[in-house]
Each structure stands twice: as structure tokens, then as C-alpha cells.
Amino acid sequence: MDIKIAWRNIWRNPRRTIIIMTAVIIGIWSMIFLTAFMRGMVVDMIENGIATLTGDVKIYASGFRSDPALENRIRNPGPLAEKVQANLPADAHMAARIRVSAIAQNARHSAGVTLVGIDPAEEAGVSFIGDGVATGQMIRPGNPVDIVVGKALLEKFETKIGNKLILMSEDAAHEMASRAFRIRGIFSAELEATEKRFVFVSKSAARGMLQIGADVSEISVMLENHDRADAVAEKIAAAIDTEAYEVRTWKELKPMLKAYINIFDGYIILWYLVVFAAMVFGIINTTLMAVFERMREFGLLKALGMRPWRILRAVLIETAFILLIGAAAGNTLAFSMVYAIGQRGIDLSMFAAGFEYAGMSSVIRPEIFAGDVVLANAVVICLGLVVSAYPAARAARITPVEAMARN
Amino acid sequence: MSIVEIRGVDKTYQQGKVFVQALKNIDLTVEKGSFAAIAGPSGSGKTTLLNIIGGLDVPDRGDVRVDGNAYADMTRSGMAELRLCRIGFVFQAYNLLPVLSAVENVEYVMQLQGVDKKQRRERAVAILDEVGLSGRYHNRPAELSGGQQQRVAVARAIVSDPAIVLADEPTANLDSKTGEGLLQIMEKMNREKAVTFIFSTHDRMVMSYARRLIHIRDGEIENGKPME
Ligand SMILES: Nc1ncnc2c1ncn2[C@@H]1O[C@H](COP(=O)(O)OP(=O)(O)O)[C@@H](O)[C@H]1O
Ligand SMILES: [Mg+2]
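Those protein sequences? They're chains F and E, same order as listed.
In this text, residue positions in the first sequence follow my numbering: the first is 62, and each later residue adds one.
In this text, residue positions in the second sequence follow my numbering: the first is 19, and each later residue adds one.
This is chain E alone, in the form it adopts within the complex:
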């Protein structure tokens, strides 16, 4: 069963008088349970593609369908609802609210989702344990290392069993050992919870963890075929 279906997506940005075609006629299908990497050099369109899958950006042309929802037919608030409940996001950096502790950051999205108070704390603590952050519940982001912050972001992304987690270069700001640790956790969550992951990278080590590689260059997918 496919969780992401993209057909004929184009995206062009205008910067002053210059037009940059960030995505050219993208077709892509991602199956449920995948652990897929979008791989390509800087500027190749990875972020643009993930933003379009996550509904953060709108394509100029083409169809996007995620978890059975055709984006073209959806309202703004329907999109917000979908992102809140069905899609988890992990960005390269600045993923967390600095005024909230690790556990509060995880709880906060659950509050937005309408999870009741007692469950929020239980589930937040449990998921932080799973990503290896027992004992760091009450630290603010500034008191956590970069790797720990990204693990909190992963915990927040998966805590409510989303259909898919989109991670845009989640290891780009981490050293390779810490980055590898984060990928191991992501992979474990993918296996144990059957959460679909799509992450982008230009790092060979990170690519080696992917069970499927989607190569992108100059806004075009070079090989969209599954390796599995």
C-alpha cells in the first residue's frame, strides 16, 4: 500500500528576475513502512520535495496524495489537521521550543492534538525512554546536545503514531557518530512501530541506512525504483 503518491509535480521559485526550477516533473510512490532516503547534493531539491510531501509548500503543477488525502482538494485547516495528526516532522535544526523541556516539547504537540493530560505525560516519558533520553526529560533544549535535541524531535514526531515521518537532513548538524546513533533510533522506530520514514541527506553513511534510495539531482529523480 502506498502512503505517498506524487504525479507530475513541478515547482519553480522566483528570486528577483531569476526563475529556479526546484522540481521537474516528479513522479514518486512511497510504500507504507518504508525507510527511504532522498539523496542528492545541496540545492538539488530535497527540501522542496519534502516540504511538498508534508504540505508545507504547494507545487505549481501535479498531484500529491498522502495517506489517502489528495492535497488539491484540501482546505488550509484540513492540511493543518493532517500535519498535526498524521505527519511527523524533523528538521535540520531548531526543532524544539526553547522555553519547554524535552518532555514538554513532546507533550505540547499531543496537547494540540487533543490528547488528555494524563496520557500526554505517560506517552511522552515512554517515547523519550525509547529514544534513549531517560533522565533528560526535564532538560531544556539548550541543556541538551545536538544529538539529544534531534532525538527529542524524533520522539515528538512519532509519539502519536503518524502515517509518515519526514526528516529533512536530520543529521546535517551532527558529527558522524551522533548522526549514526540518531539513524539507528529512527530505524528502530521504523521497525518496531512500522512508521514510514522519508529523510533527506547528502551523506553516504546516512544513505547506507536507507532501505530505499531516491536520487535527486537538479530537481529530477534519477532512479525512483525500490531497492527492496
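Chain F with its partners taken away, still in its complex shape:
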């Protein structure tokens, strides 16, 4: 009966109820949808950051991180790779690469680059280069002259597919090594910096040029779930010789990215509080109005012997109805918008220059995180009830004599 009474009471003034419900709907919607949007950006930053060549977990020889020189390479990587592979979840991918600083040069230009020796098949599912090239062909495994470069580098060097590109670097014996490659394909990346920085050759070409036998520079692991990086890293570290090798997760490799994520998390909570503060005003106001209009009824109920806590509860049930209906509608709206936008995403290329700088792509796909949805709903419903406790307490405290004097 209390539920029935509350339900009928909220529809005594439908206009007011609808207005406040609308406020709750907009509040919840903005919390969930805009957060999903921001989350989409963050996820995108992480994906870009990790997929570039970072990976979720990376294994190096000790010392490579502080001095990525050729002598800090992983020598005889076979047994290590086997141990790493044995400690990966089934859905993980792993790739071993050679990477070294080099100078790229053609007739007109030269630039510092990172020379990366890869096995294209291994890179699939590990880094962006595993997705293939935008134009031309991928390097062939074992081929000594194939090279794939970024679109931006190609433009900068004013060259094209089929042309020659010289790479120079220091080899294992600290001698200057140089080799001529032929551009076979062009990759494009989310970030121009990536396109200018990396050039890809086959592992055997890199090894031959650098005189490093079968060695590699790093082993990179990609997981389905980036949040599991810590757990996987621990497991690998337990299995290998941590004197000789270092295991690092993306959070350690990309501290900026981690910092961004923390800022976003703080920002989301701040955003929730701002939206909620705006709603609070409406909720208190409406509930106060609804309560003051009916003081005589509360006085009557108290005269009849109704206890204050029961009146408090009655008012809170009414608020709860408004909050729950508003929240349900707000969630539905937010979820359906995210669903409608789906994988197509929202193209922000109009404003994209700034995004690229921050390591994001111009197409944002909103991502709903369960935790955000729970938080948004909890903030609105719990705090909504808390703030309406004040008007409810006013109703509960009225005495019959005061209420009758209100005529």
C-alpha cells in the first residue's frame, strides 16, 4: 500500500514529476554516454600506444631499457622464447624483434629512424605492422633487401615504392654497417610520428647487417585483455632468469599513458559530481515543494498515529520512484546511443590535429565500462535519496497542530 500511495502521489503533479525525471535522465545519460566517449578515447590511446611496438608485456636483456644498444641484446633467444610462450594465456600473441637506431638515407634526404627486424607472420595480433601495409607488399621473410616504410617518411624522402633506401647503423663489432634496401610497401599508422620513426626489414636482413647471429632485441607479448598485463608479467618473471632479463608491462613502458588514464578516472568522478550537483538542486527543490504542499496530509497522518520514520520512508519511496524511473530511462538512452554509434565511431577529424598530438585517432568509438555505469547510477540514486532526506525529515517532523494551523 505504501508503494501504491507513493506511486499515486508522484503523479498528482505530473508536470513536476516529468521535469525532475527528465533532469535525472539527462544527468544519467550525460554521465554514462560522455564517460563512454572519454573511455573510448582512452582505450584508443592505449591501443595505439601498445600496438605501435610496445605490447602488453615486453622482455629485454637487462640493461637494454637504460641503454638500448646492440650489446644489450638477447643472445640465443630460443630457450627464453620457449619459457615465455609456456607462460602465456592461450589467446596471447608473441613476437621477437630486432630493433636498433639507424640512419636512413637516399639521394636527397637522410633521417634518424628505428630499424626493426621482424617476421611479418609473428607480428600479426602483436603490433600494427602485423596488420599489413597500406600500399605495395609486405616484406618477405628472409628477404635481404625488402623494406617497408611509413607513408610520412616516404613523402619526406620524396621517394616511392621500388626505390632504393640506404640504412646505416653500428654493428655488433662497433663497425659502421650499411646496406641498401628496396622499398616494397608503405604502412600507415594512426600517428604521423610512428610513420616517420619506424622502418621494417626481415629479421635475417637485420641480423646480417648487424652481425648478431640469431639474436634479438626484445620479445613483445600482446594480450586480449590489457588489464591482465601485470599478472602475465609476474608469471613470466617467475619462470625466467630475472638477473639476465627484464620483464616490463605497458604501464611501466608508457608511464604517460598510465598517467593519462589516472587523470581520466579522476575527471570522470569530478564530472559525475558536477552533473549531480546540478541535479541535486532540482531534486531538493521538487521534493520540498511536493512535501510543503502536503504538510496537512502529513499532519493528519501523524494525528492518526503514524510514526515519523514511516512518513520519512513514504517520502523517500516517492523520490526513489522518480530516481529509478529516470535512471532506467537515462541508461536506456545512453546504451542505445552507444550501440547506435557502435563500431562506426564518431569522426572527429575536423578537430583531429590536437587528438593526434595526444596519441589518439580521429575516430572515437564510445566504450561502456560496467564500473562507470554502476558508479553513475549509484551516485544519482544514493545521493538523490540522501539529499531528499532533508525534505522528508521536514515532513516527518511536522506536528498535527502545526499542520492544522497552516490553513
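Hints may contain errors.
Unchecked claim - Lysine-lysine pairs mimicking DSSO-like chemistry, simulated, CA-CA at most 27 Å apart:
no.	chain 1	residue 1	chain 2	residue 2
1	F	315	F	296
2	F	312	F	296
3	F	212	F	225
4	E	136	F	65
5	E	135	F	65
6	F	312	F	144
Claimed, not checked - From chain F, some residues computed to sit far from chain E (all C-beta separations above 12 Å):
no.	residue
7	95
8	339
9	440
Note that these hints are calculated values from the structure, not bench results.
Heads up, the beta-carbon is just placed ideally off N, CA and C, and yes, glycines get one too.
Once you've looked at the hints, dock chain E with the ligands against the given chain F.
Quick look at chain E with the ligands alone, frame taken from chain F:
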């Protein structure tokens, strides 16, 4: 046996700097089964006296005892419990919850009293029949006339066999014919169910129904002696 015993009750209200003594040294005893009217002009203290008997207001001085309970010794929740189960109230107007139908209004107090669901409906319907509201069970107050609304209030007041029903000018907002109808119902309930009624009025017709008249003027009882 007395159901209401009041000794030496004073009540003064303060309005700004003005003090109004609403009740002066009231002594009053009302016997079980009475059908008594507190009669007096407007402002004489009728409402104040009924509110004090009903425990809605607290006297500045004096003792109040209703149905064997000395108010001075009771807690707030004890008072609420007493009002809920032993005292019925009928006010001048706005007696009913507008969102509930006639039968729901009667049922609601029974729910507060803890009467189980099936009994609530049976008893509510039966009492509405007795006050002449068969067929109006499901009307909301706004769909009932003033007289019908007051009858619902009487039905609600007596449905759980209270020790006493206090009615503050229950006919003041009704025309005299409707008012008379309401009094006849109250009197019938008083006779058939032996429920004690105390009602206030300044209307001669209403006074004529009382078996005992308690005249009050300027907060003082002029004649507290039973007519019976
Ligand atoms: N809450 C109150 N505050 C101030 N004065 C009051 C209050 N209630 C009643 N009074 C005063 O007390 C006197 C008695 O009032 P009341 O008991 O309402 O009389 P009646 O019901 O006979 O008209 C009146 O003078 C009235 O103005
Ligand atoms: Mg009065």
C-alpha cells in the same frame, strides 16, 4: 467508568508578544459510552481542549488521563500508539488522503495498526456499509460530497473499536441537513458499538443531539455536569 479525566489543565499560546490563554484550569471527566458535545463560540478553546485530550497538544499544566493512560508518563511513540489504536479522530475538513479511495482510506489506518490484509478489506467494507456508503467504496475523496467524506472519516475513526472518538466541529463545513445526517450516524455508532464520542460545535442543532453538553467560553468550562 471514566474514559477521560482532566485535572487543572492550563494552556497558553504565544503569538508574537501576545499571550492567549486558550484553556484555564480545566477539570473534566467523561464517562465511557458518552455522546458529549463541547459547545462554545469560535475561539473559546474547543479545538485546544480536543487536541489535548487526543494527545496532539501538550498542556502547560495539569493532568490528562485517557483510557487509563496518564499522558505525563508517556513517551512520544507510546502516544502515537495510543492515538493509532485507541483514539479515533474526525477533523473539520481534509480528513482523508486524496490519493486513496474511501475503502483504502479506511484500510490504511488498519494497515498502520497491523491488521492483516484480508480482514482490512472485510472490515472496511462493512463499516462503510454501516455509515451508508455502500457503492462508494472506490471513489476518491474528490468524487465524494462533503458529507460523504465526513462519513468516511467517521468510519475510519471507529473501524478498530477505539476507546474514544474525538470530532472537532465535524459538521462545520456541511449544510444543516447533511450535518444532521452525519450526527445521526455518529449517534447510531455510539449506541450500537458503545464507542465514546466527544465532538465540538457552536451549532444549536448539533448540540441538541448531545446527551451531555460541556459549555466552554474564553477557555473556561461553564458547566461540566452531566445532563444524563
Ligand atoms: N497555535 C496557536 N497559536 C496561537 N494561538 C492559538 C493557537 N491555537 C489556538 N490559539 C488561540 O487560542 C484560543 C482558542 O483557540 P481554539 O482552541 O482554536 O478555539 P475554538 O476551537 O473554540 O475556535 C483562540 O484565541 C486562538 O486564537
Ligand atoms: Mg476550533
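Quick rundown of the hints versus the structure:
The straight-line distance between the Cα atoms of residue 315(F) and residue 296(F) is roughly 21 Å, inside the 27 Å bound, and the hint therefore holds. Among the hinted pairs, residue 312(F) with residue 296(F) is consistent with the structure: their alpha-carbon atoms are about 16 Å apart, no more than 27 Å. Restraint check for residue 212(F) and residue 225(F): satisfied, since their Cα atoms lie roughly 15 Å apart, inside the 27 Å limit. With a C-alpha separation of about 17 Å, the suggested pairing of residue 136(E) with residue 65(F) holds against the 27 Å cut-off.
Taking the CA atoms of residue 135(E) and residue 65(F), the gap is about 15 Å. The hint holds against a cut of 27 Å. The straight-line distance between the Cα atoms of residue 312(F) and residue 144(F) is roughly 23 Å, inside the 27 Å bound, and the hint therefore holds. Distance to chain E confirms residue 95(F) as a non-interface residue, since its nearest Cβ pair spans about 38 Å, more than 12 Å. Distance check on residue 339(F): its Cβ is at least 30 Å (rounded) from any Cβ of chain E, clearing the 12 Å threshold; non-interface status holds.
Even its closest Cβ contact with chain E, about 31 Å, leaves residue 440(F) beyond 12 Å, as expected for a residue assigned away from the interface.
Of the numbered hints stated above, none is contradicted by the structure.
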